[in-house]
Each structure stands twice: as C-alpha cells, then as structure tokens.
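Undergrad: Quick note, the sequence shown lines up with residues 458 to 720 if you use our numbering.
These are computed hints drawn from the structure, not numbers from a lab.
Just so it is clear, the structure is predicted and the values come from calculations on it, not from any experiment.
Keep in mind that the hints are not guaranteed to be accurate.
Stated by the list, open to error - 20 Å max Cα-Cα, derived DMTMM-like pairs, lysine to aspartate or glutamate: (1) K523 to D564; (2) K627 to D695; (3) K483 to E513; (4) K473 to E528; (5) K514 to D564; (6) K462 to E513; (7) K552 to E593; (8) K567 to E593; (9) K552 to E600.
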Amino acid sequence: MENLKHIITLGQVIHKRCEEMKYCKKQCRRLGHRVLGLIKPLEMLQDQGKRSVPSEKLTTAMNRFKAALEEANGEIEKFSNRSNICRFLTASQDKILFKDVNRKLSDVWKELSLLLQVEQRMPVSPISQGASWAQEDQQDADEDRRAFQMLRRDNEKIEASLRRLEINMKEIKETLRQSLESSSGKSPLEISRFKVKNVKTGSASGCNSEEIRKLVSVEREQEPLGEDCPSELREIIDQCRAHDPSLRPSVDEILKKLSTFSK
458 MENLKHIITL
468 GQVIHKRCEE
478 MKYCKKQCRR
488 LGHRVLGLIK
498 PLEMLQDQGK
508 RSVPSEKLTT
518 AMNRFKAALE
528 EANGEIEKFS
538 NRSNICRFLT
548 ASQDKILFKD
558 VNRKLSDVWK
568 ELSLLLQVEQ
578 RMPVSPISQG
588 ASWAQEDQQD
598 ADEDRRAFQM
608 LRRDNEKIEA
618 SLRRLEINMK
628 EIKETLRQSL
638 ESSSGKSPLE
648 ISRFKVKNVK
658 TGSASGCNSE
668 EIRKLVSVER
678 EQEPLGEDCP
688 SELREIIDQC
698 RAHDPSLRPS
708 VDEILKKLST
718 FSK
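Given these sequences and hints, build the entire structure.
TA: Structure follows, in structure tokens:
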C-alpha cells in the first residue's frame, strides 16, 4: 500500500506543476488533468485499505504506471525551462510536447484499469470521451504554438523599443556631457563677471556694475526663472547652476531626475 500512496502523491505533484507551467499551458494543463483523473480509482483503492490487497499482476501494472508518471515529471522539469521549450517549439512545426508520455500513460492505464475492474470490481471510466487523446493533443499543440509565436513577436517589439530607448539615452547623455564640459571652464562667478561687463550702468534693474558684482559674488543670487517653470524642473536647474561645483549633480543624476520629472 505504500507504493500506492507514492503513486497517488506523484500524480498530485504532477497536476500541481502542470497548473503552474508558464509556457505551453494548454498541453501542460491537459496532461495534469489526465493524470489527476487516472489516479482517482487508485485513491478509491487506497480508501479500501487492507480489504483489497493488489495481486502480483496489479502490482506490476501499478509499477509501470508509476514509471510513466516519473517520466512525465521529468518532461515537466525539462520544459519548465524557457530556453528548452523555445528550442522545442522552433525545431519543428508539428511536434507535440508530451507525445511519448501521453502514449505510455494511455497504454499502461488500459492494462491497469482492466485489472482494477476484474480483480477489485471497481468501476473505471474510459480515459477518452469524445475526441481521442491524439486529437486533443494536436489541438492543444496548435493553440500553444500560436500563443508562443504571438509572445515572441511581442518580445521582439519590446526589445526593439528598448534598443531605441538605449540609443536615445546615450545621445541625451552625450549632449548633456558636452554642454556641461563647455561651461566647466568657467565658474559661475567668472560667467557672472562676464555678464556684468556687458551690463550698462543704470540698467532697467536699477543696479550698477558694483551692485551686480556684489549680488553675484557675495550674495550668490542667480538669474530668476520664469513663473511658468515647474517647481520640479526649477529644482533641477538650481542644482545644476549651484555656485559650488561639488554640489552639482552628475549627468546620470540629471537624467534620472529628468526621467522622474517627465513621468
């Protein structure tokens, strides 16, 4: 009876793993539902306990069934890896994921169900109702392949968009780098002095050259920004024109702040 318990547990594990598979979901779930249906009579046999001791023939058939389940579990393990299933789907247009496993399960179950009916007087439902397993498997494989092709096209579009975004970001970084390097030769004070030389005494601001120099070099005032400048962008601009160069953000920091602002 311990072997019977192991077979039932293995079947339940396979069903759970099939439900969790991310690729070829139709074929995986079909396999899981089949296995769950096949172990139902074995659960009934387990419930009978010692009243129904399996014969040698029945024990041999159950061992074959267990071997088929173990092979199915191994196939699920292999195809849970994305690269493996991609290679399988791109290798051929007419391949069915669990073709050999389903055939073995079907063959073993025919023998096992017959023994259960004869020896244990247990009612066992046929494994195929309506369409045959082969027909169901082909339909599932076709649907999974179409879904895979759509997913691959979507991934290619995303990858192309990411490549374009990467190129655009490099261009932006290079533009900012060149802009910062072109102004790095002069400190804010030197730039301000250059501007002061071009300001006429008694200009519209009402300040003479000395007063402007004092505002820039001593009080460190900066040219005001327009009222329509958003506060987030104003903060970035103020950080970039900080009097102390060590307080200015790097190109990467500026890009990060700008990307946050643009969102």
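Undergrad: Each hint should be assessed against the structure and marked as holding or not.
TA: Results for each hint:
1. K523 to D564: Given that 20 Å is the threshold and the Cα spacing comes to 13 Å, the pair holds.
2. K627 to D695: violated (24 Å)
3. K483 to E513: violated (37 Å)
4. K473 to E528: Holds, at about 16 Å.
5. K514 to D564: holds (15 Å)
6. K462 to E513: holds (17 Å)
7. K552 to E593: Holds - the C-alpha atoms of E593 and K552 are around 13 Å apart, at most 20 Å.
8. K567 to E593: Holds - the C-alpha atoms of E593 and K567 are around 18 Å apart, at most 20 Å.
9. K552 to E600: holds (12 Å)
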